[in-house]
Amino acid sequence: MKTPSSRRSADDRGFRLGTGFFALLVVLLVCGIFFELFRTSGLSIKKFGFNFWRQTTWDPVAGNFGALPFIWGTLYSSILALVLSTPVAMGIAIFLSELSPRSLRTPLTFLTELLAAIPSIVYGLWGIFVLVPVVRKLEVITPGWLRKVPLFSGPPLGVGMLAAGLILAVMIIPFASSVSREVLKAVPATQREAAYALGATRWEAIQAALRYGRTGIVGAIMLGFGRALGETMAVTMVIGNNPKISPSLYAAQHTMAAVIANEFTEADTDLYLSALIEIGLVLFILTVIINAISRLLIWSVSREVKVKPAKVAAPVAPAPEAPQAAA
Amino acid sequence: MKKVRILALAAVGLAALMGFAAAQTVQINGAGATFPYPIYSKWFAEYNKLHPEVAINYQSIGSGGGIRQLTNQTVFFGASDGPMTTEQLQAAPGPVMHLPTVLGAVVPIYNIEGVTGELKFTGKVIADIIMGKITKWNDNAITALNPGAKLPATDITVAHRSDGSGTTYIFVDYLSKISPEFKKTIGIATAVNWPVGVGGKGNEGVAGLVKQTPGSFGYVELIYALQNKISYGSVQNMEGEFVSASLQGVTACAQVAAKNMPADFRVSITNAPGKGVYPISSFTWMLLYTSPSDRQRSKIMVDFMKWALTDGQKYAADLGYAPLPQEVVAMELEAIKKIKT
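Protein chains in written order, with our numbering: chain S, 1 to 327; chain E, 1001 to 1341.
Next up, chain S with everything else stripped away, as it sits in the complex:
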């Protein structure tokens, strides 16, 4: 009986090597992208150095490039989208996993996931023709006292940060909601039963389930955030494409992905092209940082969950894997 077992171990090794190679491929790809972005933006890095991150002018004629308005616009629009979409996405996830009648569940799930399948250019067109006029009406009827608040200042253009945040929110809802729903579904029935056994109401039982699955839920929300950071077409069509830093929701602003898409084809000088590629590099670095932060967030949340119950004796040292994040 030696042969089958040794064959099995050889198979195992082969399989491990094969899958390991694919995993390595991802690492190589990411490093390759970073290296290439860094190399091709060399001209701009040499010329502007760290000032590229702080400068607010973007003047292709004078050859003066700064990324700050784009960084601001990208973060502003993505965070706005996150704030707007999270309650809705959570509501959808909880309703579908806990409260919805069975007959409604499948069609509703299908429809939410359909939102993710719509091409972003279609969102953009819808944004221009439907959302922007509505936003403008909203801006026009804004009372005077509210206009004095910097958040609502500026002329009613329709296009601008608010329209961009709204369209992004719609686009990322399916990501956050469908993953959260899966997470809630994966919460063991015993958790709920235990809650009910202790005399909890339905709302309290749902709270317990949310608490149990919060690692996965944070992960789901961050997935949507990542998508919002890189979204290009729909945003550029409604944000107004004006690289000026403004706290106002009504102001036309710009994002990193949008400026690359807009200006790449006509970038006629080497420095201009290099500056645009450096914008890509900045976006790449920011994405890495935000992913790292969300990982940390998940870790800290999951550690809390793991340490609190029972395992008092175990040292906290080994960083626990996020248990439900995979779900």
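Be careful, since some hints might not be right.
Some chain E residues judged to face chain S by a derived CB distance under 8 angstroms, without partners named [as the list claims (entries may be wrong)]:
1. Pro1052
2. Ala1055
3. Ile1061
4. Gly1065
5. Gly1187
6. Gly1197
7. Lys1201
8. Gly1208
9. Leu1209
Derived pair list, reagent style BS3-like, types lysine-lysine, alpha-carbon separation capped at 27 angstroms [to be verified]:
10. Lys148(S) <-> Lys1124(E)
11. Lys1275(E) <-> Lys1299(E)
12. Lys244(S) <-> Lys1124(E)
13. Lys137(S) <-> Lys1211(E)
14. Lys1124(E) <-> Lys137(S)
Distance windows between CB atoms, simulated [stated by the list, open to error]:
15. Ala1091(E) <-> Val288(S): 32 to 40 angstroms
16. Thr1086(E) <-> Gln55(S): 25 to 33 angstroms
17. Pro1095(E) <-> Thr40(S): 22 to 30 angstroms
18. Ser1291(E) <-> Asn64(S): 33 to 41 angstroms
19. Ala1091(E) <-> Thr142(S): 33 to 41 angstroms
20. Gln1090(E) <-> Thr142(S): 51 to 59 angstroms
21. Val134(S) <-> Gly1114(E): 47 to 55 angstroms
Honestly, the hints are just simulated from the structure, not real lab data.
Note that the structure is a prediction, hence the values are computed from the model and not measured.
Every residue, glycine too, gets a C-beta built ideally from N, C-alpha and C.
Dock chain E against chain S, hints included.
Using the frame of chain S, we list chain E on its own:
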């Protein structure tokens, strides 16, 4: 030795293969400006009907991209809405010839509640609006030009292109000639640092913004305004006439320019003097190497250019482009002879 022989064999084989492919159809690739894309694709299709063995493929990736690809020799010919700069010409591996193909114009468009008639603009007024110095529609500078129109006291929202564009180049080139301050603070390029306003992607993006935003002001290609029936203003030319853009007005402009056309055709015809001239017009150019290594393709391109400059011109007006004046065509046919075939 063996290696060399194998390489030589491979090279011969490859050459034979390419020759075989060439005998069937010749593919010629070009890339560049988006503005002339409709007429270029029409021309290539019509030319292909006359010469089925030639297939010309054109990618409208933008003027800047076209110049870059021509310089890197990844395409056989380029096309641009703005002439190549002297530095760009020096960066190219060989001398490049500019050949004007058709003309286009840029028009000021607006959306003001209660104003339906055609508004009159001067270059100075347009420059001041773009620079954010004129901020209200009832500013004295505008009402003085348009005594009949009931201009409201609303804010002007400027809509400009967010993507780099030959349209922007023509527009800012004109304004820079009118206003030294504009030239100093904004300058001439396919994408500039706009002091005020919102950006839309493409002619359709700007037109969309203007259509939807009361009190807005923007600029688009004449063809775009004609095809989409957007009303546009007239602009004062050097003779003091207010001219509404038309294909005739644009060709008239080129006729004037032909008188002092430089030998390399790199000329800006915005704000040209002369009666009936519409001042915001420009040529668009094909870019060809004068002595490319591929003589077979060069020969085909020269033949194509001769056709486009003569028979091909009749397609221009239908597609909203102004045809070249006879004088310019004659000069170009002479210049083409210098291209080695």
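### Task
Kindly indicate which numbered hints from before are broken by the structure, ordering the numbers from low to high.
1, 2, 10, 11, 14, 19 and 21
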